[in-house]
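J.: The lines below spell out each chain.
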Amino acid sequence: MDLLEYQAKELFRGIGIPVLPSQRIDRPKDLKGLTIPYPVVLKSQVYIGGRGRVGGVRFVENTIDAVAAAQTIFNLPIMGEYPKALLAEAKYDADQEFYLAVVLNRSIRRPVLLGSQQGGIDVQAAMDQMQHVVVEQEFSPYYARRLALKMGLQGDLMISVAGILEKMYQLFIQKDLDLVEINPLGVSPSGTVMALDGKVTVNDDALARHPDLAAILETQDKTAFEPLTELPVAMEADGQIGILCNGAGLTMATMDLICQAGGKPASFLNIGGETQWNSSSNILRQRLERGLELMTQTKQVRVLLVNLVSSLIPCDEIAGVITAFLKRRIREPRGVSEIRPDTLIIHTLRIPQLVVRLVGSECDRAKARLADAQVTIADTLDDAVAQTIVLAKSVTRDS
Amino acid sequence: MDLLEYQAKELFRGIGIPVLPSQRIDRPKDLKGLTIPYPVVLKSQVYIGGRGRVGGVRFVENTIDAVAAAQTIFNLPIMGEYPKALLAEAKYDADQEFYLAVVLNRSIRRPVLLGSQQGGIDVQAAMDQMQHVVVEQEFSPYYARRLALKMGLQGDLMISVAGILEKMYQLFIQKDLDLVEINPLGVSPSGTVMALDGKVTVNDDALARHPDLAAILETQDKTAFEPLTELPVAMEADGQIGILCNGAGLTMATMDLICQAGGKPASFLNIGGETQWNSSSNILRQRLERGLELMTQTKQVRVLLVNLVSSLIPCDEIAGVITAFLKRRIREPRGVSEIRPDTLIIHTLRIPQLVVRLVGSECDRAKARLADAQVTIADTLDDAVAQTIVLAKSVTRDS
Amino acid sequence: MNFRSDSRVLLQGIAEPLGAIYAPLMKAYGTNLVAGVSPGHGGQTLHRIPIFDLVETAVATVGAIDTSVIFVPPYAVLDAALEAIAAGIHQIVLITDGMPPLDMVTLLRKAEATETLIVGPNSPGIIVPGQMLLGIHPVEFYTPGSVGLISRSGTLTYEIALELTQAGLGQSIGVSIGGDAIVGSSFPQWLQILDEDDNTEVIVLVGEIGGDSEEAAAHYIAEAIDKPVIAYIAGQTAPKGRRMGHAGAIIDSQIAELGTEIGTADSKINAFERAKIPVARRPSQIPDLVKKALKLPMKR
Amino acid sequence: MNFRSDSRVLLQGIAEPLGAIYAPLMKAYGTNLVAGVSPGHGGQTLHRIPIFDLVETAVATVGAIDTSVIFVPPYAVLDAALEAIAAGIHQIVLITDGMPPLDMVTLLRKAEATETLIVGPNSPGIIVPGQMLLGIHPVEFYTPGSVGLISRSGTLTYEIALELTQAGLGQSIGVSIGGDAIVGSSFPQWLQILDEDDNTEVIVLVGEIGGDSEEAAAHYIAEAIDKPVIAYIAGQTAPKGRRMGHAGAIIDSQIAELGTEIGTADSKINAFERAKIPVARRPSQIPDLVKKALKLPMKR
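Protein chains in written order, with our numbering: chain A, 1 to 399; chain B, 1 to 399; chain C, 1 to 300; chain D, 1 to 300.
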């Protein structure tokens, strides 16, 4: 999960990476309380890169200009994203701009230090000169010097840049990050360095052991979050098919088959594989219940393909969860007393057609249990996909 | 350098080791603002152990008793040391008391975890049951479980104690400590654990990279500090001989010879060996000047043996420093205008007799330079010691 | 590698929910599960498997152990694996999902220094059909035979094992290297193991989007593998930059905004096709391609 | 061990004050000092010694290096030593005083894994009289001969070397293992090296209070050393619990208030006497004891 620039810079400041004096601006009038002397840079705080090219960064000389510029930036969507905050920062005269990063490389399975003397907005120039150093064994500062030298630096500037890299690496390890990036690192004519923009990606799996990061992220705009695996992922706007599976590979394979067969997925949901240490049939049952709930709440989903391959929970238990869910959804939508006849109808209509394919133990008993429910039962994955497509076509025709 | 109990507990709290609610009490009337409910324990904050046995720990039930008890404790020296503060702490009913420590073992050259089910004030009982685990490779929590099991614990209590040890080790590494000790670790009847007393020894050499620890120590009573190597160390109260050498081994050997020959050292000063990375003849010259200054300020030192074996700075330069120092001290004690005749006399009298023994390059030139100064020159260490003893005897006779 | 049926196996996390479920299943399948470890549970037993507080105590009591299968919570996996290595165990299977990747980096440094094979994390482990189960594969989907099945998935692996079994194609082994971005054993390592394994005649490699393991595998197959290999890639229609549930199954740029996309299905399929490795369009096509590779009759 | 006169030597920290003073002295004494390293000073030279930014660059340019002598500031010592190890250097001498002991623990773990000999820290290093200087011993105090001198001190070692030289007793080597509590090479290691060294006929061991290296040495000598050994211990009158200037020269209890005192001079002298090793009462007595051991005439 990414941090916003101002959040990343808080981490930089804490670890001793030099950043300019700055203030978060939540609304234009906050600029009246600005304690940083003008000229000041106002920067849109969005997750998308390249804001500078589209007007998300403005230099201002006084409060009147600043308030006006802030209004403009607050109203400027960047790739569809409106900023919730701006960062007002002192202006810095950089002589050169470098690119620096620490990233976990999955092929090498080691952290890698990256650096280029050509930082800033010209991505291609940075790439052309990019140097890297793999942190093969335990980190020690000589890895940072190795990169700074490979970047072509020498003398005091080599030492300063290596010092920044060392602190970036400390941050990377201390906070379990996926990425720490400074772009650009401004170099003044006198050779002092300054992190002018920064990006930090926290690792989702490690977040629970970093309450400080979790707290930062909780204050963030929730809608900007990458969807958690427990929430359905929306696909095509005109899709009608929902896909509910257990396990990432199975979910992807199932969706691939639907698309290959000409179906249009509206959304999919992976209720999780079976490698969670605390998995039990109870937990999987709860996840399935919640998954059915979520996938049937989306009006767009007209046909729901449930494809579960389970080792942990017998198929007849899964079938039991499905039939119980269907009964609850059709007969007792909330408290009956609250329901007006029209909502009841809408509600019943909303339940998508279910195609259920279960593999595991007790499959025959599962089929028997599902026989009376209004679901289509499939034996093989191919069969389930075919049935789903047929139903989706008939639904589309009907509507 | 040791921390006081309340400082150690601040570190414990920060790393997640459970400690009781407590408040530092700087004077008895602070107890009127106590926010911890009674009954409360008042503990003398001194560096010496065993305060409980001599009345440095008292249980109090109300403010009146507390103020009285605090007055008593503030006026109670423990091995000669008066507390500058007390710690008021909630009372805890411990069912068992354990001893736990993490210490750097110089023979094994590794950190060692120590633990005993018999903690508390009975040192011998703790020792008899002491278990240890050497942290051979990088620490991982299984080392802590290994110790807790060796201590004879099992089940949840084994897990809790291992958890405390894990945090003690984290603290030990994060803060570069020589020792982290919890004695006792109280175990309640329900099995929860609590650090009831704690000791932390910070490493002097690492202090400069831990500004937080340095800040804690700066607020401490300076007189309680272990003397820095740059300050003379006082020896016998009725000694008359000062010893100034460069290097710890040489200082010790010289002092041994003085004592063997029947001399009584008043104090000694090691101005430092030659393995400081930033040593230069300039720095050594400054240290020597300061050393001469310090050793001649002590009225008790009547004969000063200067024994320097230098590779970095030629003997004639050392001789120059000594003669220049003598000239300054005799002729220009401060500004001449400030000096009344009687202080001038006292001042001149105060300068001890110097025995100088120099080894290194340019020894002959050094002797020539010292020829006119009022110093005794010796060639060998044995000779220097013999001359010093003769002078000390004559000084004692004269006085 | 020593995954023979008499391999002596330890289960770390035997008192955790998943471990407690699979320990008896592993034992019932014939795995020589000699001990379990769960701190705080030493002295107990589970289905007559003795439980110890420490791996070293288990080894001291039951003797040397070949393989440990680890079911502990995510933040305890590194410690459990280091404990196993310190006790002299050289094969470790990590089942747990959610282990922080930098813990895995630390573990891999230690594993490389001690020549320890790490499988996983976020892996259902290894099954040698009819002989032993080192993990959570549903045994009823597998049958002994000569197809070596390697993958990055859990349930999708079971699905394909079932397709093979239903087509009359038994398996010599089923192994998942794990769904995370940073995993221990690699496709090339397993390809080499299966290439040398007498019981394996053909290899089925089940890949998915994210990373470049499949590209590395295709390259390695072209260079070094003599036995036929069939590939399948899941995730051709997966949206970019979205977590699919496997931490590793994500198409992204290694560096924010820099560099080209890494890990697309197309890149992987192209790599296999360039290496002349048949790529199945769908799971159900795999048995046919296997039969073709083995020159078996094609009726299902 | 490879401390022959043609050993190829690197000096890390050559641009630091002490390093800059001793680099030319080492070279002038005949040490094969092939390069210096000081980050930020790459490309410069000092007395015709080329300076590099990184050890690996030095090795790539001047060729393999046997020994590195490290003069960098205390908090940079660990990094410098790890850098030397990573560049394939197997003998390291740490001159610097003030290195945090936990850095030394980290370094020793790495040194043990890579079979690297670490001498120091807080050590004047090694001198092979007439051949090479790896550190800061004053060369004018030494003369070639057959006395192997090992110690924990700096200036006291020079003092004793001078006593030996003035008594006509040359030295095969002078080495200090360092004055810190945690040091790399040990007395037993050097005793073994000198026992096997053809140029050494008698060993002088100069100990001091603190720790148990002298006790360990006495034990080792009794068990394994054939050549005569003379011991001397400094600090018999040193006050307890006080730092003498060497981090290692302190008498204390390992655990606060628990256990007996460790590291007293009496304990060390007793250990040597039990092992029937002559202990000099004062430095000037050492030459006589050496002569006695060598059965040389006793006149001075």
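Hints were generated in silico from the structure; no laboratory data involved.
Computed from a predicted structure; not experimentally measured.
Think of the CB as a built atom: it goes at the ideal place given N, C-alpha and C, for glycine as much as any other residue.
Some clues are possibly wrong.
So, partial list: chain A residues that the calculated Cβ filter (under 10 angstroms) puts toward chain C [unchecked claim]:
#1 T192
#2 A234
#3 D238
#4 C245
#5 T254
#6 S310
Now the in silico label distances, taken between C-beta atoms and shown as ranges [stated by the list, open to error]:
#7 D198/D to G152/A: 25 to 35 angstroms
#8 G30/C to N282/A: 49 to 59 angstroms
#9 S281/B to D6/D: 29 to 39 angstroms
#10 V62/C to D6/D: 30 to 40 angstroms
#11 P189/A to S281/B: 33 to 43 angstroms
#12 G50/B to G155/A: 41 to 51 angstroms
#13 K327/B to E140/D: 26 to 36 angstroms
#14 K327/B to D226/D: 31 to 41 angstroms
#15 D364/A to K292/C: 49 to 59 angstroms
#16 V62/D to G155/A: 55 to 65 angstroms
#17 Q285/C to N282/A: 35 to 45 angstroms
#18 P144/D to G155/A: 37 to 47 angstroms
#19 D226/D to S281/B: 36 to 46 angstroms
J.: Which hint numbers does the structure go against, in order from smallest to largest?
T.: Violated: hints 1, 3, 7, 8, 10, 12, 14, 15, 16.
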